[in-house]
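Put together the whole structure using the sequences plus the hints.
Chains as they are written, first to last, in our numbering: chain A, 1 to 282; chain B, 1 to 339; chain C, 1 to 237.
If you're looking for bench data, these hints aren't it; they were derived computationally from the structure.
Where hints are given, some of them may not hold.
Derived CB-CB ranges, DEER-like [what the hints assert, rightly or not]:
(1) R203/C - V110/B: 55 to 61 Å
(2) L317/B - D202/C: 53 to 59 Å
(3) I166/C - V271/A: 17 to 23 Å
(4) D294/B - K157/A: 39 to 45 Å
(5) G57/C - V150/A: 30 to 36 Å
(6) D156/B - P81/A: 48 to 54 Å
Ideal placement from N, C-alpha and C gives every residue a C-beta, glycine not left out.
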Amino acid sequence: MLVLILNGLVYGSLLYILSVGLVLIFGLRRVTNFAHGGLFMVGAYVGYAAASLGGFWVGLAVSIGVLAVFGVVIDRAIFRPLTDRDPVNTILVTFGLLLVLEDGVRTLFGKDFLVLKPPVELSGMVSILGSPFPSYRLFVIGVAVVVAAVLALWLMKSRVGLHVRAASVDPVTTGIQGIDTEILGMMVVAIGTGLAGLAGVVAAPLMALSPSMGGFVLIDCFIVVVTGGLTSFTGAFVAALVIGQIHNLGVAYFPAFASLVPLLVMVVVLVLRPHGLAKEAH
Amino acid sequence: MASSPSLASPESGGPSRLAGGIGGMLAVAAVLVVAGFSLPVVISSMLVLTLLTQATLQALLAISVGFLFRQNGLTSFGQAGWFGLAAYTVAVNGRFGWVAPETAVVAALVVPTVLAALLGTVIVRLPHLAFSMLTLAVAQAVHEVFLKWRTLANGDDGIEVRLPKRLFGLDIALFQQPQTMVVIVWIALVLVVVALLFFARSHTGLLTRAIRDNEERARYIGYETLLPRVVVYAVSALVAAIAGVLFSLYNGFVTPGLLHWSLSGEALIMAFIGGPRVIWGPVLGAGLFFLLKDFAGDHTEHWPAIIGGILMIVTILLPEGLAGLAQRVGRRLWSRRAA
Amino acid sequence: MSETILTAHNMTRRYGGFTAVNDVSIEVTRGEIRGLIGPNGAGKSTLMDLICGRGSGYSAGSVTLMGHRLDGLPARQRRRLGLGRSFQKTNIFPDLTVAEQIRLAARAMKTGDAEEIMSELNLADLAEARAGDISYGAQRRLDLALALIGRPPVVLLDEPAAGLSIGESLALSRLLEDLTRRWNVTVLIVEHDMEVIFSICDRITVLQAGRILADGDADAIRSNEEVVRAYLGSAVS
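Here's what the structure looks like:
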């Protein structure tokens with residue numbers, strides 16, 4: 001039981017790292033990044049490639065860096081030019097990008113499953129309240145906690161973070177006040193995509209790498225973001241924990257209909273609060 | 001002013017232009033129906049007829065996506081859910097024989113429409129992204145059900161669609177051979193497009209476009225705004241269901257893949273490459289999609305990247321889609337003639 | 001005829017700790033053009049929102065239109081009972097043509113005077129134009145047309161001249177005055193443009209910090225020291 005709950009936390013942690021990137025990007029750029037699952041997948045593969053040269057930690061660092069740069073490129077080439085257009089345009093373009101990314105990875109790495117092993121330091125087990133638990137999974141939870149803490153601190157305490165929060169609520173007024181929302185946006189998108197890369201590498205030892213690995217995680221991710229309330233960081237945190245837990249419990253107890261459960265949660269939440277768990281509509 | 005894959009109706013005009021418009025529309029429709037009958041005569045290749053039949057069915061699904069976007073401004077990622085549900089209704093009934101096949105066909109049209117109406121009352125009010133995600137999740141959930149409920153649907157292996165020798169008085173072979181089915185689905189497509197064109201011109205069509213533009217003001221000028229949007233969503237599900245029924249009759253076999261989001265995604269791509277501003281725009285998109293897929297399939301393995309790239313390019317450079325472009329060019333040619 | 005056509009009693013709105021409108025009561029006489037002025041943040045638009053049942057936050061008070069209680073009724077019912085509203089931030093249907101949206105509004109009010117209102121508000125030439133493409137001034141007039149179609153007994157106008165040049169504002173105010181008098185439409189108008197207010201309003205209510213500061217005709221308001229101090233200053237002509 002304890003292990004079950006912990007595994008739920010692990011999945012929730014993964015969902016959180018990925019979802020918070022989406023929230024960042026949506027908040028600042030008002031863009032629904034359908035390619036986010038693809039970026040997650042690319043991050044895993046980039047990490048795999050780099051790790052085969054320099055080990056897991058190198059893979060992690062390289063993946064975050066490469067994905068962040070990629071985020072800058074996407075921001076300038078796609079998000080910015082489409083700012084004034086109907087939001088469906090970014091959905092379509094990022095969806096197209098997703099297809100391109102999947103095909104690209106398939107071409108470079110093939111369709112077969114690849115395995116990225118966790119680093120040696122984290123390959124053992126730890127004992128949690130008497131139950132053995134893989135230390136790598138504990139690491140995953142730790143990463144999510146660190147990300148949440150760093151983000152919270154950054155958004156609450158730093159000047160830039162304040163601007164991000166302001167722009168996330170009202171990009172127009174923040175822009176008028178002379179804060180360069182362009183640079184801010186680019187930075188935030190880079191952080192969002194970098195987080196996708198982080199999530200990809202962190203997730204890789206837990207799931208086999210394949211070009212379609214982004215697919216079902218993405219759906220749960222969107223469920224988290226929508227349930228949490230599109231622009232809410234705390235909402236995403238809470239929703240990720242809940243959805244992650246429920247998903248795992250569902251897999252354990254109702255394997256046939258496990259994927260229906262997060263959906264049900266989302267429907268219930270949205271019926272009661274159309275703007276998600278967040279305190280107010282964006 | 002944000003420019004969308006533009007949604008303004010090109011059909012506005014005074015009463016006399018309207019009458020001319022309707023008359024012209026019906027005339028074109030009649031011509032197309034007649035042309036449909038000539039297809040198996042003109043085209044001798046069974047392969048081409050088969051592809052054309054499949055493309056027409058996909059075009060119907062694409063239209064259901066495009067229509068929803070045009071009238072409600074909403075993007076559904078789950079139209080395959082209604083498509084597959086309709087197909088499975090016919091197939092499952094064929095397997096268990098609960099009701100007469102004709103009744104099953106009717107049920108296959110009614111059930112998705114009613115379910116969509118019920119679902120619509122909840123989700124149509126939500127912010128656009130939440131709506132889209134919910135349609136995706138619901139369709140995936142239906143997919144899961146048919147995948148995992150083996151006693152009902154036989155899972156991944158699928159079910160054969162058992163049909164009687166005659167259906168609605170027609171020989172079942174008519175539905176199962178490409179040279180005749182192509183005519184049936186073609187006519188179905190024309191009739192659906194005409195029906196939707198009429199809907200778009202109707203009061204509800206105008207009202208839903210107004211609600212799409214500005215839901216608050218629609219209320220402030222005196223309208224209730226939920227029911228019209230639900231009607232549009234239900235109609236879009238009905239169109240997808242029509243395609244699903246025809247598919248099950250034609251293909252003779254259904255699998256859970258019919259409900260998968262990738263099918264919804266393809267329909268979405270077709271709809272937006274063709275351009276949902278025009279009711280028949282998605283048909284163009286479907287046609288191009290099929291041509292490209294066929295061509296690409298012969299020459300390369302990178303079809304997803306190609307279509308993904310085309311989607312990106314068309315969205316960025318040609319937001320009105322191919323149909324919008326065609327209309328613009330057509331109008332310019334016409335005015336040059338008149339000048 | 002000096003019967004009261006619209007009353008709003010004890011109108012209050014609070015957002016958390018902030019009270020935007022504080023127990024304001026107002027009675028509008030049939031046929032009058034009533035101005036509602038005050039400094040930024042005085043609560044004018046919020047009061048208007050309260051009368052139409054718009055917006056969030058804690059709300060209290062009752063609204064009566066020609067004897068009908070409007071409390072709790074949704075916007076569309078208030079419209080059909082006779083309360084029209086135009087908006088400060090232009091609130092039209094950008095992808096519909098001018099004619100399409102006016103006809104749509106006309107149909108809701110079961111009236112046929114779409115053509116008439118288009119010509120009254122100088123929109124006839126733009127009938128087939130897409131509303132998102134027409135000039136800002138034309139969009140303001142369209143916003144008004146949507147509020148006035150069907151000749152509702154009472155219409156709430158929220159800064160109809162917002163963003164218009166001095167010439168356009170005056171032209172619009174004359175148009176409004178003429179039209180509403182001819183059609184027997186009672187008007188409650190929020191405006192910052194004092195020229196417009198003083199030229200067309202029969203009576204003016206001044207709000208400040210969510211409360212009524214003063215109430216009277218143009219001369220009374222102009223000479224009211226408190227009002228001048230709090231708001232008008234050099235804006236008085």
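Results for each hint:
Our hint of 55 to 61 Å for R203/C and V110/B holds, since their Cβ atoms are close to 60 Å apart. As the Cβ distance of L317/B to D202/C is approximately 57 Å, the hint placing it in 53 to 59 Å holds. Range check, I166/C to V271/A: about 51 Å between beta-carbon atoms, so the 17 to 23 Å window is missed. One distance hint, 39 to 45 Å for the beta-carbon pair D294/B and K157/A, is violated here, with the actual separation near 58 Å.
At roughly 35 Å, the beta carbons of G57/C and V150/A sit within the given window of 30 to 36 Å. Hint check: D156/B to P81/A, Cβ distance near 42 Å, so the stated range 48 to 54 Å is violated.
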